[in-house]
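These protein sequence lines map, in sequence, to chains A and B. So the first sequence is numbered by numbering that gives the first Met the number 0: it starts at 0 and just counts up by one. So the second sequence is numbered by numbering that gives the first Met the number 0: it starts at 0 and just counts up by one.
You can trust all of the hints, since none of them are fake.
Below, computed lysine to any residue pairings styled on SDA-like, alpha-carbon distance capped at 25 Å: (1) 5/B to 159/A; (2) 148/A to 11/B; (3) 148/A to 8/B.
Worth flagging that the hints you see were computed from the coordinates, not collected in a lab. The structure displayed is predicted, hence computed values, not measured ones.
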Amino acid sequence: MTDAVGPRPVVPVIVFPGSNDDRDAQLALERLGADSPRVWHTDETLPAGTAGVVLPGGFSYGDYLRCGAIARFSPVLNAVADFAAGGGLVLGICNGFQILTEAGLLPGALRPNQTLSFVCRDVALTVERTDTPFTSRCEPGADLTVPVKHGDGCWFADDELVAQLEANGQLVLRYAAGANPNGAVADVAGVLNDEGNVFGLMPHPEHAVDPLLGSTDGALILGSLVDAARLSLVLAV
Amino acid sequence: MLVRPKPGILDPQGQAVESSLRHLGFAVGEARVGKLVDVELDTDDRDEALVQLQQMCEQLLTNPLIESYAIELEQT
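Could you put together the complete structure from these sequences and hints?
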């Protein structure tokens with residue numbers, strides 16, 4: 000992982016009851032040069048100077064009802080939604096992605112995997128765009144190896160919505176041909192919002208940030224976020 | 000409140016149930032699996048109850064992109 004130079008942007012990781020990847024996300028972000036306090040879901044505000052927010056993976060509220068359906072009503076989500084509405088950078092990983100779709104901050108919905116099996120393995124991903132705050136460290140057309148681990152990762156949108164997202168360039172991350180682990184429509188692994196500041200993905204970049212973990216490709220995504228968060232600090236001065 | 004996957008939405012649970020039922024010898028067509036949510040409301044006003052239940056379905060119990068709902072009222 001590369002530690003970039005410059006100020007350490009504050010990129011908190013939100014913790015819901017049942018989150019379990021918050022510490023991995025925190026560790027990865029801090030090694031990439033961010034300050035990443037863990038913020039409890041009942042907090043009504045984000046830490047001072049927040050330049051990016053990460054919603055981590057896990058099983059918030061036991062995945063009851065639908066994954067992410069209950070977490071979206073957490074007090075902190077209002078702060079996250081306000082932050083996003085003001086152009087703030089928000090990244091949702093796995094359960095975090097599910098929460099962002101349930102909260103209406105990202106398009107589509109996450110459904111149970113087509114196979115009904117929990118999948119836990121490395122997958123090959125194709126980066127469709129590198130001009131986003133979440134993929135700027137990737138090479139255009141790059142293939143990444145990042146693990147997935149989920150039971151409800153089958154992203155769904157109807158044909159009309161998929162066509163619209165495709166036309167807008169919002170389908171930023173796809174499973175490589177033949178590597179779709181969950182039946183997601185259009186092989187979608189990660190989606191950007193229309194404004195380009197909120198991104199969600201099912202794979203876990205925070206689990207691929209060290210050679211010991213088998214891949215460092217996840218650091219390209221989290222590192223891009225840290226770069227963009229740092230840039231927003233510099234621009235704000 | 001009955002919550003169902005909308006028509007056209009892939010329902011792998013329904014497919015698994017359908018295949019198991021056929022395995023048992025039942026000649027079923029397509030099976031779909033939804034959810035049942037029972038709540039108790041302290042009111043005699045059916046219209047008011049209906050409004051409240053609709054709001055519950057729309058705000059929390061369903062994701063309108065993928066699910067539809069139906070409401071049944073029962074006096075206890």
